[in-house]
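A.B. asks: This is what each chain is made of:
Protein chains: 2
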Amino acid sequence: MHKSRLGTVIIDCQTDDLEREARFWGAALGGRVPTGEASGRYLDITGDAADPHVILQKVEHPSWIHIDIETDDIDAEVRRLEGLGAILVEKMERWTIMEAPSKHRFCIIGVCRDGFDEKANLWE
Amino acid sequence: MHKSRLGTVIIDCQTDDLEREARFWGAALGGRVPTGEASGRYLDITGDAADPHVILQKVEHPSWIHIDIETDDIDAEVRRLEGLGAILVEKMERWTIMEAPSKHRFCIIGVCRDGFDEKANLWE
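One line per chain: the protein sequences are R and P, in this order.
The first sequence begins at 835 in my numbering and counts up one residue at a time.
The second sequence begins at 835 in my numbering and counts up one residue at a time.
Please note that the accuracy of each hint is not assured.
For identical chains, the list gives no copy identity; a pair is met inside one copy or between any two copies.
Think about it this way: if two alpha-carbon atoms lie no more than 27 angstroms apart in a straight line, the pair counts; the simulated BS3-like pairs of lysine-lysine are [what the hints assert, rightly or not]: (1) K892 to K937; (2) K937 to K837; (3) K925 to K937; (4) K837 to K925; (5) K837 to K953; (6) K925 to K892.
Bear in mind the hints are in silico, worked out from the structure with no lab data behind them.
Computed from a predicted model, the values in this text were never measured in an experiment.
Build the full structure now, drawing on both the sequences and the hints.
C.D. replies: And the structure:
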């Protein structure tokens with residue numbers, strides 16, 4: 835048995851100034867706007883801790899948005915989703931990239947937001 | 835004064851079978867999978883009512899994901915976001931399409947999910 839649910843909304847930005855994009859999205863969504871981390875690839879503008887996290891990621895590919903599914907067992911969740919028709923694209927150290935039948939790419943990550951134990955979906 | 839927050843995650847699908855895509859995403863995210871609405875343009879696979887809704891939309895443009903901001907005052911929210919640097923793309927009857935400085939398009943919609951009054955961000 836394991837659990838999973840929608841964990842994160844990743845705003846992938848092809849940009850030369852991730853901090854500028856984060857200022858907008860942080861203000862738009864009522865999230866915090868971290869500073870001093872602009873050299874990094876990620877900026878977390880999460881607002882309400884109970885909501886899915888919203889993270890900006892600096893990317894080389896065109897800008898888009900993707901989602902992460904958080905789970906307490908990445909391998910089991912990948913197998914479950916393969917059974918539903920998703921394809922494993924790449925297994926990274928801390929997450930796994932998959933592709934849905936609809937061709938959207940998404941990631942499977944560890945538990946990241948509050949309330950997981952009580953609220954996540956249980957898969958037997 | 836008005837309020838707003840992240841309201842919906844829209845999985846835009848360029849597909850000939852929206853119901854098939856909804857079966858996957860509903861099973862993946864633990865949401866309900868509505869049937870008998872496949873002639874429509876939208877399928878709501880929302881799981882936990884307190885989370886942002888997840889809706890599949892049949893589109894002609896390439897598949898991607900966009901977000902909606904829910905608000906109790908669309909006009910005021912559009913003005914607020916214009917002040918932050920977003921551009922008004924098109925005003926529809928029930929929602930307004932905007933474009934962020936990061937070039938992501940998103941929509942401003944009415945209140946759609948549980949807990950809005952208590953949890954949404956208040957803008958003075």
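A.B. asks: Is it within, between, both or neither when you check K837 against K953 at 27 angstroms Cα-Cα?
C.D. replies: both (9 angstroms within a copy, 25 angstroms between copies)
A.B. asks: I want to check one pair: K925 and K892. Are their C-alpha atoms no more than 27 angstroms apart within a copy, between two copies, both, or neither?
C.D. replies: within (20 angstroms within a copy, 30 angstroms between copies)
A.B. asks: Using 27 angstroms as the alpha-carbon threshold, which applies to K925 and K937: within, between, both, or neither?
C.D. replies: within (17 angstroms within a copy, 29 angstroms between copies)
A.B. asks: Up to 27 angstroms between alpha-carbons, please classify K937 paired with K837: within, between, both or neither.
C.D. replies: within (24 angstroms within a copy, 34 angstroms between copies)
A.B. asks: At most 27 angstroms between alpha carbons: which applies to K837 and K925, within, between, both or neither?
C.D. replies: Result: close within a single copy only, 19 angstroms intra versus 40 angstroms inter.
A.B. asks: My question is about K892 and K937: at a cut-off of 27 angstroms on alpha-carbon distance, are they close within one copy, between copies, both, or neither?
C.D. replies: Both: 21 angstroms inside a copy, 13 angstroms across copies.
The structure fails none of the hints (numbered hints given earlier).
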